[in-house]
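J.: Could you build the full structure based on these sequences and the hints that come with them?
4 protein chains.
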Amino acid sequence: MEVGFLGLGIMGKAMAINLLRNGFMVTVWNRTLSKCDELVEEGASVGETPAAVVKKCKYTVAMLSDPKAALSVVFDKDGVLDQICEGKGYIDMSTVDADTSSKISEAITKKGGRFLEAPVSGSKKPAEDGQLIILAAGEKAIYDEVIPAFDVLGKKSFFLGEVGNGARMKLVVNMVMGSMMNALSEGLTLADKSGLSQQTLLDVMDLGAIANPMFRLKGPAMIKGSYPPAFPLKHQQKDMRLALALGDENAVSMPIAAASNEAFKKARSLGLGDLDFSAVHEVFKCAGGSNEA
Amino acid sequence: MEVGFLGLGIMGKAMAINLLRNGFMVTVWNRTLSKCDELVEEGASVGETPAAVVKKCKYTVAMLSDPKAALSVVFDKDGVLDQICEGKGYIDMSTVDADTSSKISEAITKKGGRFLEAPVSGSKKPAEDGQLIILAAGEKAIYDEVIPAFDVLGKKSFFLGEVGNGARMKLVVNMVMGSMMNALSEGLTLADKSGLSQQTLLDVMDLGAIANPMFRLKGPAMIKGSYPPAFPLKHQQKDMRLALALGDENAVSMPIAAASNEAFKKARSLGLGDLDFSAVHEVFKCAGGSNEA
Amino acid sequence: MEVGFLGLGIMGKAMAINLLRNGFMVTVWNRTLSKCDELVEEGASVGETPAAVVKKCKYTVAMLSDPKAALSVVFDKDGVLDQICEGKGYIDMSTVDADTSSKISEAITKKGGRFLEAPVSGSKKPAEDGQLIILAAGEKAIYDEVIPAFDVLGKKSFFLGEVGNGARMKLVVNMVMGSMMNALSEGLTLADKSGLSQQTLLDVMDLGAIANPMFRLKGPAMIKGSYPPAFPLKHQQKDMRLALALGDENAVSMPIAAASNEAFKKARSLGLGDLDFSAVHEVFKCAGGSNEA
Amino acid sequence: MEVGFLGLGIMGKAMAINLLRNGFMVTVWNRTLSKCDELVEEGASVGETPAAVVKKCKYTVAMLSDPKAALSVVFDKDGVLDQICEGKGYIDMSTVDADTSSKISEAITKKGGRFLEAPVSGSKKPAEDGQLIILAAGEKAIYDEVIPAFDVLGKKSFFLGEVGNGARMKLVVNMVMGSMMNALSEGLTLADKSGLSQQTLLDVMDLGAIANPMFRLKGPAMIKGSYPPAFPLKHQQKDMRLALALGDENAVSMPIAAASNEAFKKARSLGLGDLDFSAVHEVFKCAGGSNEA
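Protein sequence lines, in the order shown, are assigned to chains L, W, Z and Y.
When you line the first sequence up against the numbering used here, it's residues 42 to 334, in that order.
When you line the second sequence up against the numbering used here, it's residues 42 to 334, in that order.
When you line the third sequence up against the numbering used here, it's residues 42 to 334, in that order.
When you line the fourth sequence up against the numbering used here, it's residues 42 to 334, in that order.
Honestly, the hints are just simulated from the structure, not real lab data.
One thing to keep in mind: the hints can contain errors.
Identical chains blur together in the list; that is why a pair holds if it fits in one copy or across any two.
[To be verified] Quick list of in silico lysine to any residue cross-link-like pairs, SDA-like style, CA-CA up to 25 Å:
(1) K151 <-> E83
(2) K234 <-> A252
(3) K197 <-> A252
(4) K76 <-> A92
(5) K109 <-> K234
(6) K234 <-> S198
(7) K181 <-> T241
(8) K181 <-> Q240
(9) K118 <-> A148
(10) K326 <-> Q240
(11) K144 <-> D233
(12) K97 <-> G202
(13) K234 <-> G202
(14) K96 <-> S113
(15) K144 <-> Q172
(16) K166 <-> G84
(17) K118 <-> E147
(18) K166 <-> N291
(19) K265 <-> G202
(20) K166 <-> D244
(21) K197 <-> E169
(22) K197 <-> G236
(23) K234 <-> R282
(24) K118 <-> A286
(25) K181 <-> S143
(26) K326 <-> A182
(27) K326 <-> D315
(28) K181 <-> S238
(29) K152 <-> L74
T.: Take a look at the structure:
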């Protein structure tokens with residue numbers, strides 16, 4: 042099976058490599074073309090532009106960093122729209138808001154192309170291990186056709202109905218995740234300031250009803266103040282913002298997500314936006330302790 | 042091994058039964074004595090007062106509903122203090138604040154008694170299954186002696202140092218749990234109002250980094266609006282309050298816990314205090330939708 | 042002086058009447074044209090379309106309900122852009138976000154027109170009394186020319202520099218106002234549930250450092266549960282949202298505004314969006330009291 | 042009229058001086074007795090202990106920093122209880138929680154003494170100017186007798202019924218004030234980061250519905266980062282905490298106050314507890330701005 046692949050950031054690179062290693066022929070493109078070199082070593086071809094990739098491949102997958110990049114790759118000069126046509130499918134796996142997804146869907150289908158949005162849950166490690174969760178929505182037929190690729194990229198895929206639902210589901214999951222990260226950080230901080238061992242807190246939580254892989258994975262690193270970017274904080278904050286905007290549309294009041302979003306914004310203002318989203322811990326723990334009279 | 046057991050609420054009853062079924066001789070007491078009948082059928086003896094239980098047993102375990110009850114059982118007429126003396130141990134497994142625990146500890150040790158606080162993490166089901174997590178603090182020697190009982194009641198026990206640390210650790214864990222419950226409720230509500238399947242949201246989350254037993258257990262019931270009390274909401278709110286008070290002492294700012302606490306208070310004001318703490322979901326989902334011009 | 046006036050909602054109508062009664066010749070337009078009748082009785086002319094008004098008048102003022110309406114009046118068929126040209130000025134007094142204002146500004150100036158944004162602080166009553174506060178930004182020369190009109194509409198006008206700054210200042214003021222309204226509502230509710238007189242609370246506050254006209258005006262009505270719409274809640278919530286978005290752009294963490302926004306959203310979900318923004322009080326006071334065992 | 046006066050902190054000193062300058066004979070006491078010197082220069086006598094003051098005076102006023110100090114002055118050795126008896130009145134003007142006030146009231150009345158709680162609204166400046174607002178509760182007869190002193194100390198006094206209501210009213214007012222301070226700080230910060238003049242924001246707000254003395258007084262100093270302690274931040278945070286506890290008792294959900302309380306706690310953790318409560322501004326403004334890739 043031949044697929045195009047647009048976008049070779051942290052996630053996209055890992056995903057494209059997985060496709061290559063599992064027998065797919067992959068033509069890659071990235072804004073900074075030099076990033077394609079490593080993929081070429083793995084056997085990829087390179088397309089000079091998004092349009093060139095679409096021209097060559099029946100299916101093109103995109104994995105871009107934000108709505109702006111997702112729109113740009115489609116609508117700009119030499120973009121996807123230049124070559125998309127009847128018989129060709131475009132699968133956008135970027136995390137974008139439903140509006141962006143709809144805009145892209147309309148443009149693609151107007152040209153006769155086929156569209157599937159398929160944002161993923163999971164960051165660097167699951168991407169590398171082919172263990173992503175894929176939240177697809179749009180044309181059911183193309184979903185069925187690209188299942189072989191999804192089976193390589195993820196451990197499970199869902200088809201969620203109309204375009205926009207993949208984006209929405211992703212935002213809801215990331216919103217819950219963002220609030221949980223803040224809850225963890227508050228817990229670690231309170232333990233520490235109360236004279237308790239943070240590691241014991243992690244051990245206790247890991248045995249009970251709230252045990253979860255994220256606490257297990259991120260907790261020890263947070264204690265050490267280490268935040269290598271698996272899922273950059275600025276992207277987590279963007280997702281919180283988009284989830285809150287979705288709530289706004291539907292008059293859903295979400296005070297915990299709102300408070301968490303403000304903590305992520307505080308982290309951004311402290312210059313932590315490019316670190317892992319667990320770096321929000323610096324917001325909670327930064328204080329030096331009171332010295333009141 | 043012979044142990045006394047004070048308090049046969051949801052948790053206490055399950056724990057006392059486990060001790061009986063694992064070969065312990067147990068003398069039980071409960072404020073409403075009729076609640077002892079079921080335990081008698083399992084082979085328990087009954088003590089007329091806390092003092093009578095302590096008089097009879099070398100080790101007495103208590104599992105009471107709140108700080109007030111925990112203090113009352115110790116300090117009231119015919120209470121634990123009447124009979125505690127050198128050689129006798131008192132193990133308070135109630136969830137109370139560190140101050141309450143310290144007060145009890147001082148009174149017991151002043152009489153020559155030995156004290157261990159040992160609050161647990163886990164509610165009805167883990168109590169029944171002997172799968173609690175035990176957070177002990179106080180006298181290390183008595184901790185070592187009662188390990189056989191802890192092995193029956195829980196799957197793991199921790200010794201955390203000075204009296205108060207068990208209480209504090211428990212509060213921190215429950216605070217994180219309370220914030221996670223609110224995050225889950227917001228997620229379910231947002232999914233529903235955005236046209237997504239709540240069950241699919243649970244399925245997606247259960248495959249990823251934030252998968253945890255609580256979401257798996259409580260989520261489906263919350264969708265149905267079913268909240269049989271495993272851990273009553275008013276107790277969860279009490280723990281949030283105590284955790285925030287601990288944060289206050291140590292100047293720890295915890296905006297997510299604070300927002301979660303206000304949601305639990307709202308739930309109490311709606312008359313949901315005696316339901317399971319997952320009933321906070323009613324606060325988030327109750328709205329009927331806007332009908333703006 | 043002759044001015045056009047687009048938009049005869051609660052605010053616009055009061056403002057247009059003030060201009061008429063102070064000797065201005067006013068040509069009005071409203072989407073529902075029948076709303077113009079009352080103005081005609083006061084001496085106004087009617088324009089069939091925004092374009093017709095602009096064609097007739099050197100200066101055209103707009104007072105529209107939201108960014109969508111503000112854009113529509115300019116960009117739609119028979120809109121302002123059809124007739125704006127060199128020598129003509131367009132003064133948009135609607136409350137919109139800076140992006141919307143910039144879009145309008147660019148379109149107007151591209152056609153050779155002159156642009157001033159001039160959102161106002163103050164609702165129905167100040168509009169009727171000519172006591173608005175005017176937050177102008179854009180072309181300084183046109184600001185100077187329309188000062189006579191501003192003197193009729195408001196008690197004070199500010200020139201704030203580049204286009205967008207008027208919108209931004211308005212949002213900041215309304216954000217603070219929205220948080221204050223929530224703080225008032227919490228105070229009234231706490232007083233009531235604690236057995237204190239809500240009216241005495243208002244009296245005490247009115248004598249001290251936080252005494253302000255809004256508490257004085259809205260407080261007694263809130264106690265009675267009366268919320269006649271001076272500033273509709275859905276518009277206040279929109280402004281909170283836009284202010285938070287402005288904070289998002291600049292990485293400013295604003296937890297109090299965020300919590301207040303969620304309360305306004307809750308009010309919307311309860312169907313209160315068309316009432317006065319003080320109706321957020323129903324969110325705080327609605328609870329019936331706990332009936333815990 | 043002769044009165045005793047216990048406690049010569051910022052507030053107490055100003056109040057005692059006012060009494061002296063208005064013809065009252067005042068016997069003062071302070072934990073650090075040297076603080077009495079300045080009052081002696083104004084004509085005061087000094088009592089060696091609270092008991093000595095009460096022995097000498099028919100009415101004794103107390104103005105202490107917190108519940109602990111208020112209790113200590115009454116219950117400790119050589120405290121008020123040693124000498125209070127039939128015919129003597131004790132007027133506690135400290136800001137304490139209702140429980141503390143009730144404890145003191147019971148002890149005083151049990152000895153035959155008469156009790157009035159009378160916390161005040163207003164800080165240093167109003168105390169100096171005799172412009173406090175006095176929130177009295179307890180025995181109505183003693184309230185009527187000490188009106189001449191209240192007329193010197195304040196511009197208005199309220200009698201609010203049973204003991205505890207003065208404390209509760211004070212907390213509610215200070216809670217609203219604390220939330221407003223946070224709202225102001227968010228507004229100033231957002232203005233600044235959005236390229237607007239903070240002083241113009243203050244000017245605009247001062248012309249509209251939310252104009253209030255606190256914004257007028259504190260705003261310009263906050264812009265400069267100047268926070269001379271009129272009302273220390275740690276006391277404001279204590280009042281927020283007590284108000285939230287009052288809400289907890291009555292199942293009142295107050296998310297804005299809760300978020301504000303966390304901001305004040307953050308300020309304490311930054312070592313700002315002894316500065317004016319407006320120093321919470323440092324929490325909001327401290328960020329340096331994001332430097333995201």
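J.: If the cutoff is 25 Å on CA atoms, where do K234 and S198 land: within, between, both or neither? Let me know, please.
T.: between (42 Å within a copy, 23 Å between copies)
J.: Could you place K151 and E83 in one of the four classes (within, between, both, neither) given a Cα distance threshold of 25 Å?
T.: Cα proximity of K151 and E83: none, with 35 Å in one copy and 52 Å across.
J.: Under a CA distance limit of 25 Å, which applies to K97 and G202: within one copy, between copies, both, or neither?
T.: neither (28 Å within a copy, 52 Å between copies)
J.: At most 25 Å between alpha carbons: which applies to K166 and N291, within, between, both or neither?
T.: Intra 34 Å, inter 31 Å, cutoff 25 Å: neither.
J.: 25 Å Cα cut-off: does K326 pair with A182 within a copy, between copies, both or neither?
T.: Neither: 50 Å inside a copy, 35 Å across copies.
J.: For K118 vs A148, is the C-alpha pair at or below 25 Å within one copy, between two copies, both, or neither?
T.: Both, since 14 Å and 24 Å are each at most 25 Å.
J.: Using 25 Å as the alpha-carbon threshold, which applies to K181 and S238: within, between, both, or neither?
T.: Between. Shortest inter-copy distance 17 Å satisfies the 25 Å Cα cut-off; intra-copy 51 Å does not.
J.: Is it within, between, both or neither when you check K197 against A252 at 25 Å Cα-Cα?
T.: Close inside one copy (22 Å) and across copies (14 Å); limit 25 Å.
J.: 25 Å Cα cut-off: does K118 pair with E147 within a copy, between copies, both or neither?
T.: Answer is both; intra-copy 18 Å and inter-copy 24 Å each pass.
J.: Cα distance capped at 25 Å. Does K181 pair with Q240 within a copy, between copies, both, or neither?
T.: between (46 Å within a copy, 20 Å between copies)
J.: Could you figure out if K118 and A286 sit no more than 25 Å apart (CA to CA) within one copy, between two copies, both or neither?
T.: Neither: 30 Å inside a copy, 30 Å across copies.
J.: Checking an output row: K181 and S143, CA cutoff 25 Å. Within, between, both or neither?
T.: within (16 Å within a copy, 41 Å between copies)
Violated hints for the displayed structure, listed by number in ascending order: 1, 12, 15, 18, 24, 26, 29.
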